[in-house]
Amino acid sequence: MDSNNKQTTILLIDSDDRFRRLIISAGEQYASRIIQATSLAEAELELPFCKADLIILDCQLKDGDAMNWLQAKRQSGMNAEVFVITNGCHLTSDYTKLKSELGVKVFLHKPVSPYILGEILKEHFQVDSKPSATKPPSDGPDLDAIEREIKALSTEYMRELPERFEFLKRQVQDLKLGRGEASTAKNEAHKIKGTASSYGAHEIGKLAVVIDDCLRKVDANASACDAALWKTLEDAIDEALRVSQESVDQSNSEAAVPAVYSERQALSSLGLSCGRGHNIVIVDDDPDFTKRVSLVLGYEDMLVYSFNDAKNLSAVLADLSPDLLILDLNMPDVDGFEVCKRIRLDSRWRNLPIVFLTAQTGWETRVAAFDAGADDYIPKPVVNQELIARIRFRAEKSRLQEQVQSQTSINQLLWRAMYMLLVQSQATSRQEGLSSSGKSG
Amino acid sequence: MLKIDKVLLVDDDDYIRRIAEIALKKVGKWEVLLAKSGSDALTVAREESPDIILLDVTMPDLDGPATFAKLRECAGTASIPVIFLTGRVQQDELARFNELGVNGVINKPFDPMKLPEQICQMLGLEQRVN
Chain F
1 MDSNNKQTTI LLIDSDDRFR RLIISAGEQY ASRIIQATSL AEAELELPFC
51 KADLIILDCQ LKDGDAMNWL QAKRQSGMNA EVFVITNGCH LTSDYTKLKS
101 ELGVKVFLHK PVSPYILGEI LKEHFQVDSK PSATKPPSDG PDLDAIEREI
151 KALSTEYMRE LPERFEFLKR QVQDLKLGRG EASTAKNEAH KIKGTASSYG
201 AHEIGKLAVV IDDCLRKVDA NASACDAALW KTLEDAIDEA LRVSQESVDQ
251 SNSEAAVPAV YSERQALSSL GLSCGRGHNI VIVDDDPDFT KRVSLVLGYE
301 DMLVYSFNDA KNLSAVLADL SPDLLILDLN MPDVDGFEVC KRIRLDSRWR
351 NLPIVFLTAQ TGWETRVAAF DAGADDYIPK PVVNQELIAR IRFRAEKSRL
401 QEQVQSQTSI NQLLWRAMYM LLVQSQATSR QEGLSSSGKS G
Chain L
442 MLKIDKVLLV DDDDYIRRIA EIALKKVGKW EVLLAKSGSD ALTVAREESP
492 DIILLDVTMP DLDGPATFAK LRECAGTASI PVIFLTGRVQ QDELARFNEL
542 GVNGVINKPF DPMKLPEQIC QMLGLEQRVN
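These protein sequence lines are chains F and L, in that order.
Take 1 as the starting number for the first sequence in the numbering used here and just add one per residue.
Take 442 as the starting number for the second sequence in the numbering used here and just add one per residue.
Read the hints as simulated data drawn from the structure, not as lab findings.
It cannot be assumed that every hint is accurate.
Computed far set for chain F versus chain L, every beta-carbon distance over 12 Å [stated by the list, open to error]:
hint, residue
1, K191
2, K193
3, A196
4, A222
5, T232
6, L241
7, D301
Here are the simulated lysine-lysine pairs, DSSO-like style, with alpha carbons at most 27 Å apart [unchecked claim]:
hint, chain 1, residue 1, chain 2, residue 2
8, F, K397, F, K380
9, F, K206, L, K470
10, F, K151, L, K466
None of the values given here were measured: they were computed from a predicted structure.
From the three backbone atoms N, C-alpha and C, an ideal C-beta is built for every residue, glycine too.
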């Protein structure tokens, strides 16, 4: 370890065990010392002794108001860096207070994907060594790194499984009614059978063997299959669905930062963008809904800030510069259309993609949304996949446009510089021409 | 003496290709060529002359055995060792594959960390460590 790299001491104040584990595993990568506190009272005990460089604070602690606590600490001269990563603070005024008055450097709403968290922590830990760079490259394959890579890939694979079993379940329901082709379901089951266990999902692998066997019999002669066979098949699919869903839930809560992180790191070192990491702001007065959207999009490695009011929205936008804004139409004290129009008046947000998400689906409302300056309109309820696809498409497109625009302005500058040179050299040569003709004449 | 530098991996399942690619590239330290169908495999095999071919058995259109037959027909690819990857484990099928003249059969699921070693053993090679 480079002796210049001072070890960072982090005081982590959060009552959520899983989140603390996530931060600890990220912190280990950067050789930082992490002191944990599960409440403000515990933090109070640790703070005088630990000389924290950084405090990571959840604002939803049982034993008091974390914002007030932080304010008191700041007033008494505590100058450590503070990150607030929380499930709370969904008022725009909380955000502006934390950022502008209390000197909070990073503010994130949970859930935060491990990848994003890793990136943010990396940026602030000031340690540039890669976790695997300490090993000499000639020392054979770095098995730990490969295992991490495989683990990351396996997480990705596992995430797709519940949907694939849902598909199988629908297919089997149809087959039972004498509809559809058994071969589609059979091929799908066969693939899962071959692949799942290679990714370490042995239980699912075994269930897939049963499903594959049953489907072979169905494919051979569906009408000859008895009730017992259908039951075995359906039970196996249900069980596989349950097991795969469970493992997705588990990987969501315990996702190892290094695994996911190294995959993305590998991607970015290859110069490949994974098209993710968009900053999204969502404004909706329904906290359950913002929570769901945050989960769905956060899961796709977007960084989602959710607010339940639009009062200080322009300050929030100015501070966060999001790639996209999701707006609810009906909020108690304000009309979404008005918010949208107001945002469009500000030249900074003229090109910000704005998407309405609302239960009002009449054509008049849809037209009004576009009139107010929205880019898209998604009716509630919305299927997760559609939400992801639409939001990603909008955000991606606007990012590309920005790149093109900055490229155009660079080109314009270059042309201008060349033009100036040309004018200058013309002027010089004219002068030289004049002076030489003056000499000769 | 056979030496492995370049492996062609043929499988229609994305996730099998991805995990096997990591294993072959990182653990085996081999160059990996990928094909997702039997007909792709024939083109790649002709153009790139891999040292071995890992061939999935169950694929739509041209399946493993059919692809294998075509590889053997073509002079450029006739002598490339072929190992089948299969999710089927029935003994009669194993016997049938061996009769076709493949150099080995690897069952899916496989342990990715051990895949290169398994291939080397099957071909009677010592695993090379770069």
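Would you pick out the hints that fail for this structure and give their numbers low to high?
Hint check: 1, 2, 3, 9 fail, others pass.
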